[in-house]
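Residue numbers (my numbering), protein chains in the order written: chain A, -1 to 175; chain B, 28 to 213.
The set of hints was computed from the structure by calculation and includes no laboratory data. Take these hints with a grain of salt, some might be off.
[As the list claims (entries may be wrong)] Think about it this way: if two alpha-carbon atoms lie no more than 30 Å apart in a straight line, the pair counts; the simulated DSBU-like pairs of lysine-lysine are:
no.: 1; chain 1: B; residue 1: 167; chain 2: B; residue 2: 111
no.: 2; chain 1: A; residue 1: 131; chain 2: A; residue 2: 79
no.: 3; chain 1: B; residue 1: 167; chain 2: A; residue 2: 79
no.: 4; chain 1: A; residue 1: 131; chain 2: B; residue 2: 167
no.: 5; chain 1: B; residue 1: 199; chain 2: A; residue 2: 131
no.: 6; chain 1: A; residue 1: 131; chain 2: A; residue 2: 120
no.: 7; chain 1: A; residue 1: 120; chain 2: A; residue 2: 151
no.: 8; chain 1: A; residue 1: 79; chain 2: A; residue 2: 120
no.: 9; chain 1: B; residue 1: 199; chain 2: B; residue 2: 111
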Amino acid sequence: MAISETICENHPSFKKWLPELANTSRPAGYVGQKELRRRAQRGYARYVFRRRQQVLRWSLAQQLASQQVPAPVPAATLQLKQRFLDLAQQWEDETSHLSSPSQRMTHPSYQAVLGMGREYPKEIIGLLVQDMKENRRQWFGALSYLAQANPIKPEDAGRIDRMIDAWVRWERARPQS
Amino acid sequence: MAAPLLLRDFPHLANARWRIRSPWDDSYRCVAWAACYTDREMWPHQDYWWFPGLPLAPVDTETPVEYFVMGFSTIGYRPCTSRKFEFGYQKVAIFANDAGVTHMARQRLFGSGWLSKLGVNEDIYHRELDDVEGDMSPLKWQYGRVAQVMKRSWWTLIVTPCGFRCVQAALKMWVYRLQHDPWDTP
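Sequences are here, hints too, so could you generate the full structure?
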């Protein structure tokens, strides 16, 4: 670490040895100028090192405090999602050939998803919209029931792409509290 | 949809002559396909498109055949008793189980079989209506039996936009089949 001479000479540990530096009679226990200067510099260097460490710790703490660290996903939420995806896959496998919305809604897997929705409405509504967007499974009935809303415009009824878009927009606009 | 899954839901297809006619498409289902629409899903229900001015069925109950008879009457179909081909007429069949309507199939123009869109899965050609019939119990998730057949004259087909939509959809699927040969699944 390079330390400038000017700064060193103003430091107390340096000044402590200054009278000795001016003395040329060389009493007992005399320490040479070079050694005195070295000792003064070492004391000052130690001070600078500590101060820098302190500043570094403080700035690191500030940086950590200001960072948005994502909260870890609770295990219960992961289990809920996995259970939902299993039920959704089973529902799709067994009813994809059906056209009647009422018959598709009476399937046990659909009813199980509705049951989960009554218990965890916020999470299940989010999962339903996400699943509809990613896998195009049609959860319109369940969403209307759980959200107590129907964002689909009458002129878009039956147009699956527009219906999915309407629910995705509704989900984005929903307060996330 | 994989053939084993099709045979699970339609056991009569195992001994029937049938083939897949279109790609998988979730934009429309059987009722829309019977009315020659391929851009919308149809059902007498508030979430789906239905013929304007007709009553809609409640959300939580099954739909009786009468809703479909009324709906298809608006595009020229009239109830009839025979499911056999009659020259000069096109027919549609309404399937129902113990709970209500489940499916619709449309007869090919020259009577050489029927076209069924299997939910969101592919649409298939099958020789007889019996080929997609199944159990009457709603808990078996099958189509039940034919509850009503309706017919309309070729003239009605020609003078309505329905004829144009039929030709358009047939051409689209013909091109698709040319690109994705071979198409005969089982």
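Going down the list of hints, with the structure as the test:
This hinted pair checks out: residue 167 of chain B and residue 111 of chain B have alpha carbons roughly 28 Å apart, not beyond 30 Å. For the hint linking residue 131 of chain A to residue 79 of chain A, the alpha-carbon distance of about 15 Å falls within 30 Å, and the restraint holds. A distance of roughly 28 Å separates the Cα atoms of residue 167 of chain B and residue 79 of chain A; the hinted pair therefore holds under the 30 Å criterion. Restraint check: the Cα-Cα separation between residue 131 of chain A and residue 167 of chain B comes to about 29 Å, which is no more than 30 Å; the hinted pair holds.
As the CA atoms of residue 199 of chain B and residue 131 of chain A are separated by approximately 26 Å, the hinted pair is consistent with the 30 Å bound. Restraint check: the Cα-Cα separation between residue 131 of chain A and residue 120 of chain A comes to about 17 Å, which is no more than 30 Å; the hinted pair holds. Proposed proximity of residue 120 of chain A and residue 151 of chain A is supported: the alpha carbons are some 23 Å apart, at most 30 Å. With a CA separation close to 12 Å, the supplied pair residue 79 of chain A and residue 120 of chain A stays within the 30 Å bound.
Between residue 199 of chain B and residue 111 of chain B the CA atoms are separated by roughly 28 Å; this keeps the pair inside 30 Å, and the hint holds.
Hint compliance for this structure: every hint is met.
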